[in-house]
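Engineer: Kindly produce the complete structure, drawing on both the sequences and the hints.
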Amino acid sequence: MRKPEIVLLGGPNSGKTHLAAQLYGRILRSNGRLRRQEQQAIPHDLTLLDEALGCLEEGRSASHTGSDTWGEITLPTIDEHGGQVLLKWPDYAGEKVEQMLRLRSISEAWQNRIAQAEGWAIVIRLSHERRVDARPAQPRTSPSTSGSVPLMSDEYWDANARWVEFVQILMHVAGMSSTSLQRKPRVAILLSCYDELPESEESPSAKLGSWLPMFYSFMENNWSPEAWSVWGMSALGQKLDSAHPDESFLRDGPELHGWVIAPQGGPRDSDLTAPIAWLLDRP
Amino acid sequence: MNQCANTRCHAHDGELCSDGHRDRSQCHSWQVNRLEDGNSAPGPTGLMETSEVMARVPWSGSALGSDDLTHLVPRAQTILIGLLGAADAGKTTLLAVAYQHILLQGRTLGGARFAGSRSLEGWESIANSMRFLDPARHQTFPPHTPRGTGRVPGLLHVALRRPNGSFRDLLFTDAPGEWFTRWALSQDAPDTAGARWIAQYADAFLVIADSARLSGHQVGNARREVRQILERLADRVGHRPTRLVWAKHEQALPETTSQPITNILRNRIPHADQVECRHDQPETVATMLDGIINKAWDPPFAMPLQEPVIQHDPFLAFRGSHAQT
Chain A
1 MRKPEIVLLG
11 GPNSGKTHLA
21 AQLYGRILRS
31 NGRLRRQEQQ
41 AIPHDLTLLD
51 EALGCLEEGR
61 SASHTGSDTW
71 GEITLPTIDE
81 HGGQVLLKWP
91 DYAGEKVEQM
101 LRLRSISEAW
111 QNRIAQAEGW
121 AIVIRLSHER
131 RVDARPAQPR
141 TSPSTSGSVP
151 LMSDEYWDAN
161 ARWVEFVQIL
171 MHVAGMSSTS
181 LQRKPRVAIL
191 LSCYDELPES
201 EESPSAKLGS
211 WLPMFYSFME
221 NNWSPEAWSV
231 WGMSALGQKL
241 DSAHPDESFL
251 RDGPELHGWV
261 IAPQGGPRDS
271 DLTAPIAWLL
281 DRP
Chain B
284 MNQCANTRCH
294 AHDGELCSDG
304 HRDRSQCHSW
314 QVNRLEDGNS
324 APGPTGLMET
334 SEVMARVPWS
344 GSALGSDDLT
354 HLVPRAQTIL
364 IGLLGAADAG
374 KTTLLAVAYQ
384 HILLQGRTLG
394 GARFAGSRSL
404 EGWESIANSM
414 RFLDPARHQT
424 FPPHTPRGTG
434 RVPGLLHVAL
444 RRPNGSFRDL
454 LFTDAPGEWF
464 TRWALSQDAP
474 DTAGARWIAQ
484 YADAFLVIAD
494 SARLSGHQVG
504 NARREVRQIL
514 ERLADRVGHR
524 PTRLVWAKHE
534 QALPETTSQP
544 ITNILRNRIP
554 HADQVECRHD
564 QPETVATMLD
574 GIINKAWDPP
584 FAMPLQEPVI
594 QHDPFLAFRG
604 SHAQT
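From first to last, the protein sequence lines stand for chains A and B. Per the numbering used here, residue 1 is the first one in the first sequence, and the count goes up by one each step. Per the numbering used here, residue 284 is the first one in the second sequence, and the count goes up by one each step.
Just so you know, the hints here were simulated from the structure itself, not pulled from any lab data. Note that CB positions come from ideal geometry on N, CA and C, so glycine has one too. Misleading hints may appear alongside valid ones.
So, partial list: chain B residues that the calculated Cβ filter (under 7 angstroms) puts toward chain A [unchecked claim]: (1) Met-337; (2) Leu-403; (3) Phe-450.
Which residues of chain A face chain B? A partial, calculated answer using Cβ under 10 angstroms [what the hints assert, rightly or not]: (4) Ile-73; (5) Trp-157; (6) Ser-177.
Structural biologist: So this is what it looks like as structure tokens:
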């Protein structure tokens with residue numbers, strides 16, 4: 001049996017936990033591209049997903065993952081071609097990702113994980129990404145004095161630069177060079193909470209290109225085209241409230257909610273496992 | 284001392300050990316200082332001390348210094364572009380415009396597209412001064428680049444890839460104008476080492492003339508500075524691509540002002556060209572940079588060696604298959 005690992009990378013509030021809980025439900029109970037292995041027991045330890053699963057059943061949004069949370073979800077699955085795949089993905093607080101960026105360092109455990117992973121799923125919530133726009137410079141009227149403008153810390157960075165720096169750091173610690181186009185690991189960029197974005201005809205790929213053009217260019221010029229893809233994803237299909245349960249979730253169960261849009265665009269597909277199946281698909 | 288014995292290593296700043304050790308205590312150079320001092324008191328960067336075994340990267344994000352080049356230069360062909368000009372001529376602003384309006388927008392630069400940068404912090408900090416972060420703050424030009432020593436000259440890096448796959452590391456010098464005015468006056472003065480370094484190693488030059496100042500009441504001084512820099516550069520430039528950039532070119536200069544400068548260019552650096560650009564029109568900056576990058580992308584081939592024929596015996600005259608017949 002293949003035992004591919006996937007790393008799910010995303011900042012705080014990007015919707016990783018909801019995604020994990022929904023993926024779990026899909027793999028266990030639906031007939032998507034990735035399915036549960038019939039003869040295998042369900043995972044022994046569900047504590048990591050417990051809260052999220054409970055909340056979603058009740059139609060509420062799950063709370064923020066605690067910063068000390070650290071664990072791994074393991075699921076025996078069958079892929080589209082009938083191959084057995086033991087899927088593992090880590091769950092952790094998004095602040096860990098922020099921390100990687102701030103300290104510009106990655107713990108040994110993460111380094112090994114990143115270097116060995118079959119696929120990287122990078123979760124970006126576009127509506128929370130900060131773009132800084134500038135008007136063309138106007139001629140200065142009075143001479144500036146040295147140091148009058150304080151140097152900004154990285155919290156003022158444009159989202160483009162943050163994501164480029166983040167992926168650059170990952171590439172470096174994984175021992176990858178950028179002088180040639182990468183084929184491995186495959187990278188799926190999941191644009192989470194896609195329902196928050198204004199509706200348009202644009203494909204998810206074009207959407208990333210127009211929201212984060214420099215990051216898009218970076219990906220395009222570091223990965224070969226068949227090794228990375230951009231997916232629109234709404235793990236819940238709608239916004240949930242943490243206090244007020246949603247009727248349709250209560251009635252139908254969370255499996256019927258949530259969808260993805262393939263990189264080239266198209267209709268909403270309720271199979272949330274599609275991007276993960278793509279990551280694991282070996283050409 | 285919380286510093287590595289290897290003076291070129293910046294592990295104490297939280298960067299990767301220059302020998303590549305994940306755990307610094309495994310590094311011989313790091314150990315040397317530890318043993319000599321015999322102290323284990325936490326240093327100024329106590330945070331780093333608690334997380335010794337971490338995978339790190341060999342760049343800090345700030346403008347690159349000469350030590351950083353040792354990590355970068357081996358990976359690909361580099362193009363070092365020297366931005367020369369007097370203080371306040373608009374060198375840093377040109378870079379800020381290039382970052383904010385070309386790179387961040389995903390536009391091409393010299394027919395190539397963005398493929399990474401090791402100095403994003405540096406780019407962001409010069410671009411931040413022209414952004415509207417809060418409405419109360421007025422938009423200003425990037426702050427003055429102070430003259431100082433340390434890890435200078437600051438080099439801003441961007442990796443570019445063309446559609447045909449060719450990959451270059453582009454480095455722009457971001458140095459204070461005083462360096463160049465001093466260098467133009469006195470080439471060998473001790474505080475002109477940075478300018479000399481740029482003149483020696485740059486693959487291409489952009490000389491910035493401040494049109495706003497040239498059309499103001501300081502025209503005399505401004506013209507003298509540009510001319511002196513051009514004259515000094517002319518002695519060093521050889522065949523390297525050079526452009527004279529009329530920056531802040533909101534209005535045309537009177538010919539009497541520009542003529543003396545273009546004369547020097549024509550006589551002393553005949554292969555150089557001129558281009559006008561305005562900071563409020565990013566496409567003029569793009570055109571200006573495209574021109575110099577296109578010229579420097581593929582360096583000219585070396586002149587072929589002419590081997591003199593000293594033997595006419597066909598056997599001895601064979602010079603290998605590479606020889607020209």
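Engineer: Should the interface hint for A/Ile-73 be scored as holding, given a Cβ-Cβ cut-off of 10 angstroms against chain B?
Structural biologist: Because about 24 angstroms separates A/Ile-73 from the closest Cβ in chain B, which is outside the 10 angstroms limit, the hint is violated.
Engineer: Go through the hint on B/Leu-403 and say holds or violated, using the shortest Cβ distance to chain A against 7 angstroms.
Structural biologist: holds (5 angstroms)
Engineer: Any CB of chain B closer than 10 angstroms to the CB of A/Trp-157?
Structural biologist: Because about 5 angstroms separates A/Trp-157 from the closest Cβ in chain B, which is inside the 10 angstroms limit, the hint holds.
Engineer: Tell me if the interface restraint on A/Ser-177 is satisfied: Cβ within less than 10 angstroms of some Cβ in chain B.
Structural biologist: holds (7 angstroms)
Engineer: Given B/Phe-450 as an interface hint, is its Cβ closer than 7 angstroms to any Cβ of chain A?
Structural biologist: With a minimum Cβ separation of about 5 angstroms from chain A (threshold 7 angstroms), the hint on B/Phe-450 holds.
Engineer: Take the shortest C-beta to C-beta distance between B/Met-337 and chain A; is it under 7 angstroms?
Structural biologist: Check passed: Cβ of B/Met-337 comes within 4 angstroms of chain A, closer than 7 angstroms.
Hint violations for this structure: number 4 only, all remaining hints satisfied.
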